[in-house]
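Make the full structure from the sequences, and use the hints.
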Amino acid sequence: MFRHINGHKTDITIFIDEKPTNASSGETVAAVLLRENIYAVHTTPNGEPRGPYCMMGVCFDCMVTLEDGQNEQACQIEATEGLKIYLPISDRYKVGECF
Amino acid sequence: MTMSSQSNKVVVIGGGIQGCATAFFLAKRGQNVTLIEKDRIGRHASGVNAGGVRRLGRDILEIPLSLAAMDIWQNLYQEIGEYAEDFHPCFYLKVAVDEAGRELGLMRAANLREAGFKHEVWVEDDVIQTRLPHLSTPTHGGLIVEGDGWATPWRIVQGFANAAKKNGAKIIEGCYVNSLTQSQGLWQIQTPKGLYEAETVVNCAGAWAADIARSADDYIFPLESFAPMLVVTDRRPKILPAVMGVLSHTLSLKQLETGQFVIGGGVRAKANHSINQSDVNLPKLSSSIRLAAKLFPEIANAHVIRCWSGIEGYMPDELPIIGRGRQNGLFHGFGFSAHGFQLGPGVGEALADLVMGQQPRISLEAFRPDRFVN
Amino acid sequence: MLLNNHYDLAVIGAGPAGMAAAIEASRNNMKVLVLDDQPAAGGQVYRQIDRNYHKNEELFFLGEDYWLGKKLVDDFKHSSAEFFPESRVWQITLDKHVFFSRKGRAYQVQANFILISTGATERPMPIPGWTLPGVMSVGGAQTLLKSNNSGADGAVFAGSGPLFYLTIWQYLNAGFKVGAVIDTAPGRLSWSHYLWALPALLQLNLLLKGLRWKSHIRKNTKYFSEVRSVSISGQSAAKSVSFIDKYGEKKKLNTSHVFLHQGVVPNVNLTMATGLKHYWCPRQLCWHPETNIYGESSLEGIFVAGDGSGIAGASAAILAGKTAAKQIVQYSRKPSIFITWLSKLKRYKHVAARPFLDNLFRPPKEWRVPLEDETIVCRCEALKKTDISSAISLGVTGPNQLKSFCRAGMGRCQGRMCGLTIQQMIADNNNLPEKDIGYFRLRPPIRPLTLGELASLADDNVLAK
Numbered sequence: 001m002f003r004h005i006n007g008h009k010t011d012i013t014i015f016i017d018e019k020p021t022n023a024s025s026g027e028t029v030a031a032v033l034l035r036e037n038i039y040a041v042h043t044t045p046n047g048e049p050r051g052p053y054c055m056m057g058v059c060f061d062c063m064v065t066l067e068d069g070q071n072e073q074a075c076q077i078e079a080t081e082g083l084k085i086y087l088p089i090s091d092r093y094k095v096g097e098c099f
Numbered sequence: 001m002t003m004s005s006q007s008n009k010v011v012v013i014g015g016g017i018q019g020c021a022t023a024f025f026l027a028k029r030g031q032n033v034t035l036i037e038k039d040r041i042g043r044h045a046s047g048v049n050a051g052g053v054r055r056l057g058r059d060i061l062e063i064p065l066s067l068a069a070m071d072i073w074q075n076l077y078q079e080i081g082e083y084a085e086d087f088h089p090c091f092y093l094k095v096a097v098d099e100a101g102r103e104l105g106l107m108r109a110a111n112l113r114e115a116g117f118k119h120e121v122w123v124e125d126d127v128i129q130t131r132l133p134h135l136s137t138p139t140h141g142g143l144i145v146e147g148d149g150w151a152t153p154w155r156i157v158q159g160f161a162n163a164a165k166k167n168g169a170k171i172i173e174g175c176y177v178n179s180l181t182q183s184q185g186l187w188q189i190q191t192p193k194g195l196y197e198a199e200t201v202v203n204c205a206g207a208w209a210a211d212i213a214r215s216a217d218d219y220i221f222p223l224e225s226f227a228p229m230l231v232v233t234d235r236r237p238k239i240l241p242a243v244m245g246v247l248s249h250t251l252s253l254k255q256l257e258t259g260q261f262v263i264g265g266g267v268r269a270k271a272n273h274s275i276n277q278s279d280v281n282l283p284k285l286s287s288s289i290r291l292a293a294k295l296f297p298e299i300a301n302a303h304v305i306r307c308w309s310g311i312e313g314y315m316p317d318e319l320p321i322i323g324r325g326r327q328n329g330l331f332h333g334f335g336f337s338a339h340g341f342q343l344g345p346g347v348g349e350a351l352a353d354l355v356m357g358q359q360p361r362i363s364l365e366a367f368r369p370d371r372f373v374n
Numbered sequence: 001m002l003l004n005n006h007y008d009l010a011v012i013g014a015g016p017a018g019m020a021a022a023i024e025a026s027r028n029n030m031k032v033l034v035l036d037d038q039p040a041a042g043g044q045v046y047r048q049i050d051r052n053y054h055k056n057e058e059l060f061f062l063g064e065d066y067w068l069g070k071k072l073v074d075d076f077k078h079s080s081a082e083f084f085p086e087s088r089v090w091q092i093t094l095d096k097h098v099f100f101s102r103k104g105r106a107y108q109v110q111a112n113f114i115l116i117s118t119g120a121t122e123r124p125m126p127i128p129g130w131t132l133p134g135v136m137s138v139g140g141a142q143t144l145l146k147s148n149n150s151g152a153d154g155a156v157f158a159g160s161g162p163l164f165y166l167t168i169w170q171y172l173n174a175g176f177k178v179g180a181v182i183d184t185a186p187g188r189l190s191w192s193h194y195l196w197a198l199p200a201l202l203q204l205n206l207l208l209k210g211l212r213w214k215s216h217i218r219k220n221t222k223y224f225s226e227v228r229s230v231s232i233s234g235q236s237a238a239k240s241v242s243f244i245d246k247y248g249e250k251k252k253l254n255t256s257h258v259f260l261h262q263g264v265v266p267n268v269n270l271t272m273a274t275g276l277k278h279y280w281c282p283r284q285l286c287w288h289p290e291t292n293i294y295g296e297s298s299l300e301g302i303f304v305a306g307d308g309s310g311i312a313g314a315s316a317a318i319l320a321g322k323t324a325a326k327q328i329v330q331y332s333r334k335p336s337i338f339i340t341w342l343s344k345l346k347r348y349k350h351v352a353a354r355p356f357l358d359n360l361f362r363p364p365k366e367w368r369v370p371l372e373d374e375t376i377v378c379r380c381e382a383l384k385k386t387d388i389s390s391a392i393s394l395g396v397t398g399p400n401q402l403k404s405f406c407r408a409g410m411g412r413c414q415g416r417m418c419g420l421t422i423q424q425m426i427a428d429n430n431n432l433p434e435k436d437i438g439y440f441r442l443r444p445p446i447r448p449l450t451l452g453e454l455a456s457l458a459d460d461n462v463l464a465k
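Protein chains in written order, with this note's numbering: chain V, 1 to 99; chain G, 1 to 374; chain R, 1 to 465.
Hints are computed from structural coordinates only; laboratory data are not their basis.
Please read these numbers as outputs of a predicted model, since none were measured by experiment.
Since no wrong hints were added, every one of them can be taken at face value.
Residues of chain G clear of chain R, computed beta-carbon distances all greater than 10 Å:
no.: 1; residue: Asp-59
no.: 2; residue: His-88
no.: 3; residue: Arg-113
no.: 4; residue: Thr-130
no.: 5; residue: Asn-162
no.: 6; residue: Glu-318
With a straight-line Cα cutoff of 27 Å, these simulated DSSO-like cross-link-like pairs (lysine-lysine) come out:
no.: 7; chain 1: G; residue 1: Lys-284; chain 2: R; residue 2: Lys-96
no.: 8; chain 1: R; residue 1: Lys-435; chain 2: G; residue 2: Lys-193
no.: 9; chain 1: R; residue 1: Lys-322; chain 2: R; residue 2: Lys-96
no.: 10; chain 1: G; residue 1: Lys-294; chain 2: R; residue 2: Lys-103
no.: 11; chain 1: G; residue 1: Lys-270; chain 2: G; residue 2: Lys-284
no.: 12; chain 1: R; residue 1: Lys-403; chain 2: G; residue 2: Lys-38
no.: 13; chain 1: V; residue 1: Lys-9; chain 2: R; residue 2: Lys-55
no.: 14; chain 1: G; residue 1: Lys-238; chain 2: R; residue 2: Lys-103
Quick reminder that beta carbons are idealized off the backbone N, C-alpha and C, glycines included.
Structural data, given as structure tokens:
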């Protein structure tokens, strides 16, 4: 499991698939997902689960969906208070074909 | 010099759709054909275009050729076998978003009706809204064609090339034509891979065709090369069942099976055909894309993952050159000005007819090679 | 701050090279614009150093080299250079227009000079299971540590190289339990290693540091050296790592976190798409943009500095950025031979150890091209080695021709995760040197931008800070 270094605190709330989740302001959404044990965020067209790999915006495997429907790399989104993101892999969003 | 229907030696220069279709039809009719391509089959415009197989929006002078070509598209499996699977029929719609577009469209509909063409139909906004439920703005009507479609361009070109080979044609790639001269009634084609001789040469060399013509001491053609651009996006939920254009504006929009959008329409970047270079200039696409986003706001969220262009030859009147050259035994089929893909099979058939001394089933008067002389 | 339309110098990438150049150029009264895709300056090496500085006791484990960057970032912030973070550059044209996107809009600026300092990216390490969730690059693990102050206990690190050892050392100091370290560097040192070790002594402190890290790691983790055949298993996430140790024994370790590394290579997507000439560097096994001693590329007025022009580390990057800026400032004057040689000497002490390190950590073929057919090579299109091999065997001369037969390289990452692998596969198949194979023809946009952003380009070029 990913965790913060000892003594580090979370101070804001973001929403992952509508579920309120603790985060630290300024960290990336990818880091939050990993700490929440969410390692797979989308699937390839042939159904392979994928998640954050490079953390620097070159692998495109950490795609999540924003409230406005745009797909974005989770490692390039800064967590801010009230931010809502959705995981393409979740059935409820049904965006298996949405990358 | 009359052409008998025996095996004359024909060399086709250019491995795009025009050349491959011509080689196929000639080989199918028992002619001894060799196709020479300087790079690879389908490497240039024919392989990288949007794959539009449309009768919609054609210059009225091109319509008979387009209709003849469509007959072949609709029976493509018989000609090229499994490669035909890459043709997807769908309806085409060219909408008017303003009064100017509407006027243009209505006038066009009237002209076509008068000339006896029934494939394009004018429809009003209510019909358009039912056919395109995700359209977000009202339109001022539009033109619709059923039974057009799109294809994966390089696969179709491969299909014609393979079918030509199956019928005995020889295809030589990576072979540049250095010179083209006539000697005692025979064409001498000098290439780095050796000398080829032929009684007939068909010049389907796309953006390079004017160079070939000059080399053969044929007409001087005012052919210019540009690089029409396309972009493809990431996968999005499917909202577009047709290929769309806009009257009086530059935009072509379609959505692939994968959900990716392909946007084009002919916005041109610079090309230098002599060094196989074609630029892309994304910002030039911004007004076309703005228009697309106005029609389907969801599109604004799609990411451009790739932009490319091909090297295409344009004529000043944007009509192709199809017909006999000035020299004996030389024929031309080029200058399709970014709309030759759908015509290809029809052009190939017509050029094969000309080479064999037969009458093509449609008139090629509008495409006369000598129409630019003085 | 509003965005101007025209600048003397546009710097792409606010890492050590970019910041050093911006400081130097703005000190000489040039109007400088600096763009970076991250929310703060620092690049990879000094990631989030500004924010982290407030907790520098807590984050002591990042090491003193990291904290050295603070002064550079401070000088940069106090310079007159305009800095726009969160800006993704997606196109640079030959007439020096820079196009970038920021928060849903696209912008355009023009500059007299451009410095591309976009740094390095990790070499892909395609082994079985490398696409499983839970598997990340070591650089990714380090970024999590720097930017997000997070890490995982029980992770297995597989690979080798300076960054590999540094990150594990940082992990240990930060108090994370390291599951195991699987070192893929081959054991035997050849005569060329000893030869290059001599000039490397000029950077003795660097070498000693590396030895210290390695010895600390050996003492404090389950350490396996000279391993072969690493593979990761799991159904929908990483569950275990298997490998063959140096004695030939098969080993298997259970873990949900695997961090991979085989060195870094210049990030060439922007330089290639802009049209700069590149050459293949056989020693570093990657492409470098062609530059002169000052960093000017094959395109007049466009410079490259830092790891983006060849891997040489942070101190060399700072010097390169400064050198490029100095040259830009006095561009019309031809520098004397004396100055040129002085620059070469100055640079040398920052790169003397490079050939030694490059040779020592040169990844063997096994880590650059997978042995197993079922291993994914093109991550974006989920293409396995066997898919690509069959396409190559149809007679392909280069990566671009391959695109006609399979979709390798046509996905979102634009070849960043598969380009070097595919190039090597074609070279091996055709029995030709890598430099003759070439690379994917890269075109703008080099970062995906939305159609909405592209459409907005026509709007006023107004960007409020």
